[in-house]
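Under the working numbering, the sequence shown has 731 at position 68, and the numbering climbs by one with no breaks.
Derived by calculation from the structure, the hints in this document are not laboratory data. Be aware that one or more of the hints could be misleading.
Said to hold, decoys possible - Restraint-style ranges between C-beta atoms, simulated for each label pair:
| id | residue 1 | residue 2 | range |
| --- | --- | --- | --- |
| 1 | Leu-715 | Gln-676 | 32 to 42 Å |
| 2 | Gly-758 | Ala-725 | 49 to 59 Å |
| 3 | Pro-724 | Glu-694 | 22 to 32 Å |
| 4 | Met-677 | Asp-718 | 40 to 50 Å |
| 5 | Ala-682 | Met-729 | 34 to 44 Å |
| 6 | Asp-732 | Lys-709 | 16 to 26 Å |
| 7 | Gln-678 | Asp-746 | 17 to 27 Å |
| 8 | Gln-676 | Ser-743 | 23 to 33 Å |
| 9 | Asp-723 | Gln-675 | 53 to 63 Å |
| 10 | Lys-713 | Lys-754 | 21 to 31 Å |
| 11 | Lys-720 | Gln-679 | 44 to 54 Å |
| 12 | Asn-755 | Leu-712 | 21 to 31 Å |
C-beta atoms are modelled at their ideal positions from N, C-alpha and C, and glycine is treated no differently.
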Amino acid sequence: MKNLAGMMKQAQQMQQKMAEMQARLEAAEIEGVAGAGLVRVTLTGKGVLKGLKVDPKLADPAEIEMLEDLVVAAHADAKSKLDSIMESETKNAMGGISLPPGLKLPF
664 MKNLAGMMKQ AQQMQQKMAE MQARLEAAEI EGVAGAGLVR VTLTGKGVLK
714 GLKVDPKLAD PAEIEMLEDL VVAAHADAKS KLDSIMESET KNAMGGISLP
764 PGLKLPF
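Let the hints inform the model, and build the full structure from the sequences given.
Shown next as structure tokens:
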């Protein structure tokens, strides 16, 4: 019974760490950049597009297609950074417990 009680305590601690990590991530803002800084996007920790900055030089109507591509690229950059942060935070919260391949937290 000692082992079961210890396992339950570890599970509760891990659950608390995961909740804390999720709260930190929700408050986080991650910036993605494209076109050497001409386009910047800001995502929340949940991946919601919160902000968009476009250098006025790109407002030329002849460059709209490039602008659209750069916005998509900046969003992908920010999302990639967010995914890396989430993976790192999840590993820290799990306290070294490895998950089966393909299983990602938070769900």
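Against the structure, the hints come out as follows:
no., hint, result
1, Leu-715 with Gln-676: 32 to 42 Å, "40 Å, holds"
2, Gly-758 with Ala-725: 49 to 59 Å, "54 Å, holds"
3, Pro-724 with Glu-694: 22 to 32 Å, "27 Å, holds"
4, Met-677 with Asp-718: 40 to 50 Å, "44 Å, holds"
5, Ala-682 with Met-729: 34 to 44 Å, "43 Å, holds"
6, Asp-732 with Lys-709: 16 to 26 Å, "25 Å, holds"
7, Gln-678 with Asp-746: 17 to 27 Å, "22 Å, holds"
8, Gln-676 with Ser-743: 23 to 33 Å, "30 Å, holds"
9, Asp-723 with Gln-675: 53 to 63 Å, "58 Å, holds"
10, Lys-713 with Lys-754: 21 to 31 Å, "26 Å, holds"
11, Lys-720 with Gln-679: 44 to 54 Å, "48 Å, holds"
12, Asn-755 with Leu-712: 21 to 31 Å, "26 Å, holds"
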